[in-house]
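Enquirer: Residues per chain are reported as follows:
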Amino acid sequence: MTDAAPAAPRPLIDSNDSRRPHGLLLVAIPVFLVAWLVIWPIINAIGRTLWRPDATGALGFNLDSYVFFFSDQYSINNLTITLWTTLVCAILLLAICLPISLYLRFSHGKLPAYVQAMAIFPMFVPSIILAYAFIRVLGPNGMVDILLNSVGLPKIRTPYLTPWGAVIGLVWDNIPLTVLILLSGLGNVANPAIEAARDVGANRFQVFWHIILPRISNSVLVAISFAVLGIFSSFTLPYLLGPASPEMMGPFMNRTFREVNDPLNAITQAVITFCFCIAFGLFYVRSVAHNQGK
Amino acid sequence: MKRRDFMISAAGVVAGSALLPRMSFAAEGVIDWYTSSDTNILDFWANTVKPAFEAANPGISINLVDAGDGAGIIAIGERAMAAKEQGADPQADFFESGDALLPSGAIEAGVYTNIKEAGLSNYAKVNPLAIESDYSLPYRGSQVLLAYDSTKLSAADAPKNWDDLVTWIKANPGQFVYNRPDKGGSGGNFVRRAIHQANGLDPSAFTVDNYTEEFGNEALTKAWDILSDIAPSLYDNGAYSSGNTQSIQLLSQGVVTMTPVWSDQVLQAISQGVLPENTGLVQLQDLALAGGFTRSIVIENGVNRDASLKLADFILSEEIQSAILTELGGFPGVSWDYVSPELRERFADIVPTSIPTFPGGDWAGAINDGWYRNVAPNVDRNS
Chain A
1 MTDAAPAAPR PLIDSNDSRR PHGLLLVAIP VFLVAWLVIW PIINAIGRTL WRPDATGALG
61 FNLDSYVFFF SDQYSINNLT ITLWTTLVCA ILLLAICLPI SLYLRFSHGK LPAYVQAMAI
121 FPMFVPSIIL AYAFIRVLGP NGMVDILLNS VGLPKIRTPY LTPWGAVIGL VWDNIPLTVL
181 ILLSGLGNVA NPAIEAARDV GANRFQVFWH IILPRISNSV LVAISFAVLG IFSSFTLPYL
241 LGPASPEMMG PFMNRTFREV NDPLNAITQA VITFCFCIAF GLFYVRSVAH NQGK
Chain B
1001 MKRRDFMISA AGVVAGSALL PRMSFAAEGV IDWYTSSDTN ILDFWANTVK PAFEAANPGI
1061 SINLVDAGDG AGIIAIGERA MAAKEQGADP QADFFESGDA LLPSGAIEAG VYTNIKEAGL
1121 SNYAKVNPLA IESDYSLPYR GSQVLLAYDS TKLSAADAPK NWDDLVTWIK ANPGQFVYNR
1181 PDKGGSGGNF VRRAIHQANG LDPSAFTVDN YTEEFGNEAL TKAWDILSDI APSLYDNGAY
1241 SSGNTQSIQL LSQGVVTMTP VWSDQVLQAI SQGVLPENTG LVQLQDLALA GGFTRSIVIE
1301 NGVNRDASLK LADFILSEEI QSAILTELGG FPGVSWDYVS PELRERFADI VPTSIPTFPG
1361 GDWAGAINDG WYRNVAPNVD RNS
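Chains as they are written, first to last, in our numbering: chain A, 1 to 294; chain B, 1001 to 1383.
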């Protein structure tokens, strides 16, 4: 054994070409599933709404269902409320989650552990349970009303069955993911950098703006993209907590398909929803690529 | 490639394929049962029908599956049609609730069993008024009633006809709510009652195949006017709950005074304490709110067709039909002569003399779309 040469330590990143084939093999299954269950239905949906028989039965290029969507005030209202809800939720999520994650990153002890558990808790609550709990707490004559009443205050204007109902539910539901992504981003901020900035007299805001934010801008982008993509096509919460009309795209598509028995317009709505989501997605991919290129 | 690397790749492939959906086959002796009804019906089957049937028929068990809603049942019906074409196993035997006409062509394809000719010993007991097709079996009924909080409204003042109801709604703004018509039958049949009101109180004016765009627009527009007229006086200046249960929840929280409800659901809510004992129930006397029978379907090409027919016969037995009255709060699918005299006496109040119904088919789509476009948005909620 003594004359055997000591083996060189294996490098962390193995550049040996012979390892590549089985790496590809491992990703083949997820790639195949995505192509089969996601990419193909998308192509199929676009094809079925664009190339279809006209009144005479001849197969051809046909934009009618899209023209109908964008000339129909009811559909436009639904798209508008979806964009509004998504935007408001994104702003509220950042406003709520950024302070929470900054607190969790820069404090020590037992209390932050409890705060973190609280912030992650919504992840383990199914949204349908959340919706009914919301109705019992914030709904009309719910717990908040009972508490206010017991100290002689007037009832709140309940957000149940208004657009704000969906916003509050969706924000609560998306807090865990957003906090986790921001927290992982804050892991990249080195303590010495902050201490150095403090030493030259930077105040808290300056430290945040010049030292922390540039380092976590990528995480913020990722967090917002994930939240926006999920919220744009959400179903359960806007359906149970939001108004009957205007409705968000998720309930609208589902209703058009199942209750109105109109698959063509339902698919058209789905393609339009997908186009908005892919626009958000491309924006995110471009920013990440741009950051990595630097 | 080294042996270790090969092992890792092979393990990855095996693990990945294990996650792919596996083929499954229906089991002989296990009836695959689907429903589109609410949870109270599923509970009734799980706690009452299933144990009784399995005790009476050793070797047969029922696999209860919630198909969600009517569209879910239709999807499984389509699957059975596709399976029939290919000679495959439909993995479905029994629909607790279904429409024999949907999916269209199912009867012609031979997917649904002709129950009339299947030789059920109890078939002759079925209420003839309830039979819609030879391919479906009406085994329970329920109707939509108005439930109200009797601490705020006395039984003497409760509205007994449509005009009184509209007057009451307008005199008590914010105290009435009905759910979106596509999300539950209580609101759906309230909307259909408004359609009857707008078209001369004649349920026979609407049949499953007389929908045309012209007639639909004419008949429905008048109903949308009626509903838009009361909208500002509804709960929260025109909000609509998203299902039967949510309407009951608003009533139980004391938010509204009155809401339309399914008879079986409200009786169960009262017996479970969700609604107080003194909840008032009233039916409109000029024309009742629409209701209907729930019809079961047996899948002809299912693996357990014969066992399913036994089940179909079983649910018409006096044991189950009485339980529908006493435990479910529905009314029986068999004629009243076949219900014990004692029960007949006890439930005299909810025994309907007639149940107006409203056809499905193209009407359903037109109503669902029209209501959302014409009634739901026409209110300034902020006023």
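It is possible that some hints are incorrect.
[To be verified] Calculated pairs, DSS-like style, for lysine-lysine (alpha carbon to alpha carbon, straight line, at most 27 Å):
id : chain 1 : residue 1 : chain 2 : residue 2
1  : B       : 1310      : B       : 1050
2  : B       : 1222      : B       : 1084
3  : B       : 1170      : A       : 155
4  : A       : 155       : B       : 1116
5  : B       : 1050      : B       : 1116
6  : B       : 1222      : B       : 1160
Calculated directly from the structure, the hints in this document are not laboratory data.
Enquirer: Against this structure, judge whether each hint is valid.
Expert: Hint by hint, here is what the structure shows:
no. : hint               : in the structure
1   : 1310/B with 1050/B : holds, 13 Å
2   : 1222/B with 1084/B : violated, 44 Å
3   : 1170/B with 155/A  : holds, 23 Å
4   : 155/A with 1116/B  : violated, 58 Å
5   : 1050/B with 1116/B : holds, 24 Å
6   : 1222/B with 1160/B : holds, 22 Å
Violated hints for the displayed structure, listed by number in ascending order: 2 and 4.
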